[in-house]
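Okay, here's what each chain looks like letter by letter:
2 protein chains.
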Amino acid sequence: MDTEEFRLYGKQMVDFMADYMHNIRNHRVLPQISPGYVRDLVPEQAPEEGEPWEEVFKDIQRVVLPGSASPASTDLEMVMLDWLGKMVQLPQEFLFSSNGPGGGVVQSSASESTLMALLSAREKAISYVQSIKKDLSQGIILEKMVYYSSIEAHCSVEKAGLLSGLTCRLLPTDAAFSLQGDILQAAIDEDRTQGKIPFFVVGTLGTTNSCAFDNIEKLGEVCKKENLWFHIDAAYAGAAFICPEFRYLLNGVEYADSFLLCPAKWLLTNHDCCAMWVKDRENILKPFSIMHAYLKEDLEVETLNYRHWGIPCGRKFRSLKMWFVFRLFGVRGLQTYIRKHVRLAHEFENLARNDNRFEVLFPVVLGVVCFRLKGSEVQNEEMLRVINKRGKIALKSSRMRSHNLYFIRFVVCGKDTESEDIVFSWREISLAANNVLNPKVVGDKSETF
Amino acid sequence: MDTEEFRLYGKQMVDFMADYMHNIRNHRVLPQISPGYVRDLVPEQAPEEGEPWEEVFKDIQRVVLPGSASPASTDLEMVMLDWLGKMVQLPQEFLFSSNGPGGGVVQSSASESTLMALLSAREKAISYVQSIKKDLSQGIILEKMVYYSSIEAHCSVEKAGLLSGLTCRLLPTDAAFSLQGDILQAAIDEDRTQGKIPFFVVGTLGTTNSCAFDNIEKLGEVCKKENLWFHIDAAYAGAAFICPEFRYLLNGVEYADSFLLCPAKWLLTNHDCCAMWVKDRENILKPFSIMHAYLKEDLEVETLNYRHWGIPCGRKFRSLKMWFVFRLFGVRGLQTYIRKHVRLAHEFENLARNDNRFEVLFPVVLGVVCFRLKGSEVQNEEMLRVINKRGKIALKSSRMRSHNLYFIRFVVCGKDTESEDIVFSWREISLAANNVLNPKVVGDKSETF
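Chains as they are written, first to last, in the numbering used here: chain U, 1 to 449; chain F, 1001 to 1449.
Since the hints were made in silico from the structure, they are not lab data. Nothing here was measured: the structure is a model prediction, and the numbers come from that model. By construction, the Cβ of each residue, glycine as well, lies at the ideal position given by its N, Cα and C atoms. Misleading hints may appear alongside valid ones.
Unchecked claim - Dumping the calculated PhoX-like pairs for lysine-lysine here, alpha-carbon to alpha-carbon at most 20 Å:
#	chain 1	residue 1	chain 2	residue 2
1	F	Lys1296	U	Lys265
2	F	Lys1134	U	Lys144
3	U	Lys196	U	Lys144
4	U	Lys340	U	Lys415
5	F	Lys1296	U	Lys389
6	F	Lys1396	U	Lys296
7	U	Lys134	F	Lys1144
8	U	Lys296	F	Lys1389
9	U	Lys316	F	Lys1316
10	F	Lys1265	U	Lys316
Claimed, not checked - Residues of chain U placed beyond 10 Å of chain F at every Cβ, according to the derived structure:
#	residue
11	Pro43
12	Pro52
13	Glu93
14	Asp182
15	Arg357
16	Val378
Could you put together the complete structure from these sequences and hints?
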């Protein structure tokens, strides 16, 4: 959708809203459809090719309004989680269409999803431990419980520990910043020897710092053997798994109890939107469902109540934007978008590698390039300051958590970013480097701002 | 703003967005302003009278874009929480403008706010207990900890206990469904005798079932004396405190450590939006702040980082909609809106009281009327079924948690609801009652659908 189409369709939508509000007294306030009705009105999977907006717009009337706002919201969310699950080829057990105990939900954030997975795993573990050691009180069990992730996992993994009061043990990675199975196994063995109770592991696909990938096949094997809940956080990188050539990165997901990816991060869906799947939803529903009389719905017996899957009582109709995006772009359009970003990241990588003043630090797998001036931290900081002060491009610095090396992250994330933007960005960086490395000399390579 | 104005201004906004996206490469990606800049550009309090949209629209360019999206988002959120805090006359300590340790934040839901308050109180209590009883381990302390609310509190209060693993004790109310100080004191005394550790109390202003009000002055006195964190949930009713005639209901808030009201519930702000204030933000920030290198912002030292106040890492620009609403309506416009709803609720109450087939169960203080047919539960259920099946109005049933009486809740919540809608609603109910009570007889009083 280009600017002029956006202008046209946006105004059409304003008219639709105005008409709806103007005629609000003519609408039924309760729907006449049955829960699950959306499944009969929309395809079982996302379209391969993008559809024109006109078709999508028509379906607001056909599909959404008859069940407005619920069960339309719940129904469409279930279908969209299945669509997206199929797009990344999740195992059947995670999909509603398998008619098993699994399924997906939209949470507001990866942080909330990971917290819910952790708390569900806690409840499952407490029940299990109390079933075999009846003399242990809950407080004693909680003190002994420990969960694991790579030291490079997102801050939300550690924060979930602070919020829950549970002990998080951050494990070292290999040289590629990937958490390996033997490290996890050794930690579990050590903790069990000390009487601790391992119960939960977070594997990360695409770390925030360097887009590193934990070895989820090996981690999954360990979790299975040790009977631990395995949660996979693919908040950013998960979007790429819609491309067959990147799907291998998700091998091992069959071991997971819960899995998340955020369409808001890299799938053209506005913040907030985090898709989370579980293999057995009873693990969330059983410990955290509360029913007060005022919450009772006539339709509830037949449908799914997402309220119990997360923290808030009220929910937003977030699946609507997923539906719009998946249909407007189609799977092929979204693949093209992901592939373009990866290609542009490699273009940037090449520019950096071909300038011997710079080094690229880690393998570029998706859209993140970590690089630095082959100089001091002070020089890198100064270069970053010059670049960001000009405000033409925005870069952020970081450090790996396991060592102190300062570097700069370049991430491709604009919908309309093109090669010329990469060239432009590199010129900004290169000139800033001139400023910092050799501010006085004038010449070709030393051109400054 | 009527339908035609919405149409006009909505399209103007679409053009603004289209132009912005079209010219995106001409914009700076990082702002040139300093954190706190919004405070210098907007008034210290909400306008008394509503402003025309044109003025609001101009300020997007003047106030928001120069700091887009942060610090604009953080800055405006701080100012809006102060505006709203002043509108309901919160004590100074809750406002940023006092330059003390207090302040407000927008959370996604009352559930999240209450959970964050509970977890913060937990950390504070653990630190305190460990400082005086060094031999108690955290697990033992957690087992002994107990918090309190009325049995009529919202389900999120109880759910926070399930999520956190902390023990929630639901206390009985008086005949008006209000939790009193002596009941709380007795529970605390009893629990302390048994070696438990009381640490947190939730007072509710405007319960979901019947819009009852806990005695927060007495509860607050007990909390102060017993050194417990006092949290007040005024999710729905809080909006009414912008009217001086309802502000007495908030007396006692000076005892609170945290307080919430949801503008999304009754202040014309779209879901999701929950305003939460604390007297000392260090109680949240200290236990739950995590800093990874990739989160570092150049500007952060000078500004406030809302990330640490809640669960998610990323945040939405929710203060924008508060700003729009507060300015478009002005304090007076919002007061008029609240007063109209209360007046309409009383109109409904009078219609119900004047029909001797019905009874109104509880005092109508704000916009909620609980009523029932003076008949069996089966008859009431049948009447509700008839009404909701027609779909002209939507009603929900409930029961008080402390006894089993089935009743129906009528809540005034539409922006444009008028007297004629109340009359229309009552006719729907009255005819449905005819259907149920006397389905065969034809006549004036017995007219049926």
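Take a quick look at whether U/Lys340 and U/Lys415 sit within 20 Å of each other, Cα to Cα. holds, 10 Å
Take a quick look at U/Arg357 and tell me if its Cβ sits farther than 10 Å from every Cβ on chain F, holds or violated. Given a closest Cβ separation of 23 Å, the condition holds.
Restraint check for U/Lys316 with F/Lys1316, where alpha carbons must lie at most 20 Å apart: holds, 14 Å
Given pair status - U/Lys296, F/Lys1396, alpha carbons within 20 Å: Holds, at roughly 8 Å.
Quick one, are F/Lys1296 and U/Lys265 close enough, alpha carbons at most 20 Å? holds, 19 Å
If you draw a straight line from the CA of U/Lys296 to the CA of F/Lys1389, is it 20 Å or shorter? holds, 16 Å
For U/Val378, is the shortest beta carbon distance to chain F beyond 10 Å? holds, 15 Å
Does F/Lys1296 pair with U/Lys389 here, judged by a C-alpha cut-off of 20 Å? holds, 16 Å
Hint check: F/Lys1134 vs U/Lys144, CA-CA at most 20 Å. Holds or violated? holds, 19 Å
Restraint status (C-alpha distance of U/Lys196 to U/Lys144 at most 20 Å): Cα-Cα ~5 Å, so holds.
Test the statement that U/Asp182 is away from the interface with chain F: the closest C-beta pair must be farther apart than 10 Å. holds, 26 Å
Non-interface claim for U/Pro43: all C-beta distances to chain F beyond 10 Å? Since the minimum Cβ distance to chain F is about 29 Å, U/Pro43 lies beyond 10 Å and the statement holds.
The structure meets every hint from the earlier list without exception.
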